[in-house]
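Same order as they appear, the protein sequences are chains F, C and W. The opening position of the first sequence corresponds to residue 1 in the numbering used here, with each subsequent residue numbered one higher. The opening position of the second sequence corresponds to residue 10001 in the numbering used here, with each subsequent residue numbered one higher. The opening position of the third sequence corresponds to residue 20001 in the numbering used here, with each subsequent residue numbered one higher.
FYI, nobody ran anything at the bench for these hints, they're computed from the structure. If you're wondering where the values come from, they're calculated on a predicted model, not measured in any experiment. Some hints here could point you the wrong way.
Pairs of lysine-lysine, BS3-like flavour, derived with a Cα cap of 25 Å [claimed, not checked]:
1. W:LYS20003 <-> F:LYS151
2. W:LYS20032 <-> W:LYS20003
3. W:LYS20742 <-> C:LYS10083
4. W:LYS20805 <-> F:LYS23
5. C:LYS10079 <-> W:LYS20286
6. W:LYS20286 <-> C:LYS10018
7. W:LYS20003 <-> F:LYS138
8. F:LYS151 <-> W:LYS20620
9. F:LYS121 <-> W:LYS20194
10. F:LYS138 <-> W:LYS20287
11. F:LYS12 <-> W:LYS20966
12. W:LYS20807 <-> F:LYS91
13. C:LYS10087 <-> F:LYS34
Quick look at which bits of chain F chain C covers, simulated, 3 or more residues with Cβ under 8 Å [what the hints assert, rightly or not]:
14. 34–41
15. 141–152
Here are some chain C residues the structure puts well away from chain F; computed CB gaps all over 10 Å [unchecked claim]:
16. GLU10013
17. LYS10018
18. VAL10026
19. LYS10047
20. ASN10048
21. VAL10070
22. ASP10072
23. PRO10089
Note that the Cβ used here is the ideal one computed from N, Cα and C, for glycine as well.
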Amino acid sequence: MLNYSNVIENDKSYPGLQMREIKPVMKLIIRGKKRQFLSAVGKSLNLLLPNEANTSSRSDQLTALWLSPDEWMIFSNEILKSDDNNYDVEKLLNKNICKTNLGAVTDVTDQFVLINLKGDKIFDLFETGSPFNFNDFKSKKGLVTQTILTKIDIIVHNQDINDVNLFVRRSFSDHLFSWMNDSASRL
Amino acid sequence: MFLINCPFCGEREQSEFKAGGEAHIVRPKQPTELSDDQWAEYLFMRKNIKGIQFERWNHIHGCRKWFNMVRDTSNDEIKAVYKMGEKPPVK
Amino acid sequence: MTKNLRVKSSKLVDETYRISFKFNGTTYYGFKGDTLASALLANNIHLVGRSFKYHRPRGIMTAGSEEPNAIVQLHNGTSRTEPNVRATEIEIYEGLDASSQNCWPSVKFDIGGINNFLSPLLPAGFYYKTFMWPASFWEKYEYFIRKSAGLGKSPDVPDPDIYEHKYIHCDVLVIGAGISGIIAAKTAAKNGFKTLLVEEKSYLGGSTIYQDSEFFKINNQNSASWLEKEINEIKKIENLEIKTRTSVAAFHGYNFLLARENLTDHLPLEQRENKTRQRLLKIRAKKVITATGSIERPLIFDNNDRPGILLSSAIKKYADLFGVACGERNILFTNNDNAYETAMSLIQKGIKVQAIIDNREEIDSKLIKETEKNNIKIYKGYTIVDTFGYKRINSVSIMKLSKDGQKVIGSKENISCDSLGVSGGWTPAVHLFTQSGGKLKFRDDDQVFIPNTYPSNQISIGSCNGDFTLDEILINGPKLLKEFLKIKKTEYENIEIYSAFNKSKRNIWLLPSNKIVGKTKSFVDFQNDATAKDIKLALREGFRSIEHVKRYTTTGMGTDQGKLGNIHALGIISETASSKMGELGTTTFRPPYTPLTFGTIVGRNVGKYFDIIRKTPIHKWHVENKAEFENVGQWKRAWYYPQNGENMHEAVQRESKAARDSAGILDASTLGKIDIQGTDASEFLNRVYTNAWSKLEIGKCRYGLMLNEDGMVYDDGVTTRLDENHYIMTTTTGGAATVLGKLEDYLQTEWPELDVYLTSVTDHYATISVCGPNSKKIIQKVIPEIDLSDKDFPHMSFKNSKIGKVKCRIMRISFTGEQSYEINIQANYAKSVWENCMEAGKEFNITPYGTETMHLLRAEKGFIIAGQDTDATMTPIDLQMDWIVSKKKFDFIGKRSLYRSDTIREDRKQLVGLITDNPEEILEEGAQIVADMNKTPIEMLGHVTSSYFSPNLKKSIALGVVKGGKNMMGQKLIIPMEKKQINVTVTDPVFLDKENKRLNA
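Pulled out of the complex, with its shape left as it was, chain F reads as follows (with noise of 0.2 Å):
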């Protein structure tokens, strides 16, 4: 038995503002420039990826954010086990998108730590950092945006009103969530 070690140790709260990891959580990038990959992915997981630019779709068990024209990222909404990294849903594709050609599926479930914000300051924390508009992007459900904070890329996910997940790349997360603990501090 491996021992799961994740880098956010403990879970944050300011006034305003909670932050905490969210794991472990299965996340997929997947690939694809033909209408059959989308189909094919849209029956494999009974999901629609979202084709408008900057948005995301959801069912039950996943959700998908739009990345770019031709990549999405995939995650399971639930808290998968820690002592299990095969996922279902990632042999189904690869099964059929990857074997079929339509496209390439790679597992990214620890090259992005999942960082939840939930209160009324999340966008006061963004805004000491990251030159992204947010000002129409926070009243609205289901956006996403790839944008930098404290020159890290991070990749940003409107879930719900002042309900924000954050994918940040797993070697910078544990400087970026010190730089955010400590902006937090003087909101």
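Following the hints, put chains C and W in place on chain F, whose structure we already have.
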């Protein structure tokens, strides 16, 4: 600091992008058939115009897609952005 | 000396709240709301500093950010010390400690004041002219010049304060909260625009907020009362954010602006702990309305710089806003009606106005008539020709102006005073507008530069647009706003305005004197001591361009950037050179408009947030086991693991030996990893690597070199074929991002027809490398079910496996030349796997090693490090790696360049091994390599790229690049060092196990 309209993601700050030099320089299909001078022309020679310039840009901190831009270097006005493979919309 | 010059209750100052502060060591008192300047003036202190060049006594001159003289050092000798703070801007707080700058031993007696008497010897360009010769003496001169120059002292201990950045996106940004800014902000916000109003002062309303007299009315109310109501209204508007103490420093293209928000500078020091001191606002506005107002012009006459001489508008402001009299016997000197407004304010407060000297002959506004009723002597058509008083003005000499204003006539008359207010009309504050790329035009009527063409979605309104009077502001402003905001009407349509003011002005840039110009000190730039005489000298010496005159005379080059006098410099130049002002242009206004602290500029990017830190999934283990870390790009990598007080050399020797004798373990997680999928994946690899990939079997690994299109090596790594259309590529640690970027570039732009997808998995997989003769046994213990037999799992192949239920990949590849396995596993399990390996390897003395040992081991084997043994000038042929360049492939990136006339030269620098004659001698990396010490100049053949003492070979080894090195095997070369020469022999770069016995063992 420009405000760049990524053809895929929409309007974003310049800090999300990386500039990639002159646009519409096509890699020769048969490099071995080129003389040293012809190869050097492709490899090294770039324009640096005061005025309308065609440039490659990459939305490196966003969708990671390359696209082209028409920019007036004399006042930094971005005249147009367009996808790779598309014809420039302005002369 | 100490007197109380407070007058009646004022607008801003709270006289129930007394504050003590120190100036030059003495304690004084002021009130809440005072600036340092107003508090000093209330204590009858004018003399606050010495000028830059002549060390002339200087006093407070203005009441705003344009102040050239009253710049002080705060909290000298402490961590919070700050130089060049304008006394006119800093609000006093309990415990404020300010001192004068640029004077020694004190502001009252300054040794440097001797420069004032030597001034005939210190003309414009003095430093340029004097210290040019002889050139070799510059270093000696510099020491003395630097000692005598400089304004204030920079802190020499770390700044204890916290600074932050904040991005703001708004529909409309309004800069300046004077009457125009208030109107603009209210109009924008009420029409649904998300609006931000920024104001550099602590209060809103600009100068109208204390324009409290019968002479200026809006809708039958005093203009001040009317504006106060407007301000109360805008404070309630929801989509309007107001930020005071916030000054815009820079206005860039695309309506991107930088502003500094001051949050704690007005608080006592003990209230500042754990608070953000200043915030740099990075504002992106769809529309910008500049309402920065205007700056009153001084007048240029002999000795116009004495303490006690202020702008007339500043005297009014100190009286009205702060309740402070700048003097008890005031004289006002003007070329327009503004001084009369000041006079009326002073009279109403019971402050004596001795006389008004007006250089206009015929004047008749209601305001002037009203002033005359107060028995004030008005000298019409007169000018001041000189002033007296060393540390404080005590009298002026006046003379009648000729009709054309070119000279003075009649006899001199002296008038005594203790304060002189000067008013030369107004200069629109167009600095931000021009920073944004806006072009100015010159308005001849009143001799002002005003905005002409706008480069972005912006307008200027109010006096920064040349609308100086109440009626202009309230009629033109709303009209411009309607058009700019595309709205039908404003609430200011039928407004009634009454103004007793008349716009007439008699503009004379340099007022005539009874002395010749060469004998006068008529200051144009007060901070840098540039006089009218200096400008004229520059013109005589042939300078014509305003930019050249500026630099030669240093006009406008101080911390105030010439906000007061630049316009006069232009005027004097155009008059002297008989050119037109409009054609002359202005000097370039560069950001910042007012100085920014370094703290604000860098924000939180200090200390541990200075640069991004990346950590591997096993980082904690390295910390717990006392590793020393090395920065590799942004990564923290374990460098070596010292034991029992070992130094680096000792630790590395031990680690290297253990790795070859038994087993070593390395965290290689930082290597870049790219997942490559698609039906054209093999073809893609063929095009990006120099060697062939199509025939690589599934399950096998291959080393590849990547070139730039110019044929030079820029990255290398092992790529593994996981499936028919699926590869995983590794890159160097530092090259990961650029390699992915470059590959994406080719895919998207040159070869969009290829069906290939690239996804970074660098952070997803941790890589644990176990090497050494016992590595197989250790891996077997960690993953019992895997078949590690050489037949089933040879060098350069891979297997999928599982540890528990966790899938992983095992690769048999080696960067050390030893038998070696890499476990690639999902990052969150990596620390646990590493610990399993340590446990399993205990019986084999498994030794964790860091990057330094890794480098040593690979050097023994002659493996290159891209970026250390290569720079951007090495081809694979130069590296003696001809074997990796496919001759058969039609094309790959960089191929054509390998046949350029330059790349096929025989005498290019080539990678070789170097063995020192003395096996104990370790070469220095970067040391030069030569063949002949007697040749002059000595010819450098190359340099050492890697050098170590090999514990396994028990001798010093090195790699280096040497011109024509390939054909120099066995040849003796010399490494000249500072105190010795080291003799070396050129060898093959592979020092150990050429036959690969260890790899395949």
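Please list, smallest to largest, the hint numbers that this structure does not respect. Hint check: 1, 7, 11, 14, 16 fail, others pass.
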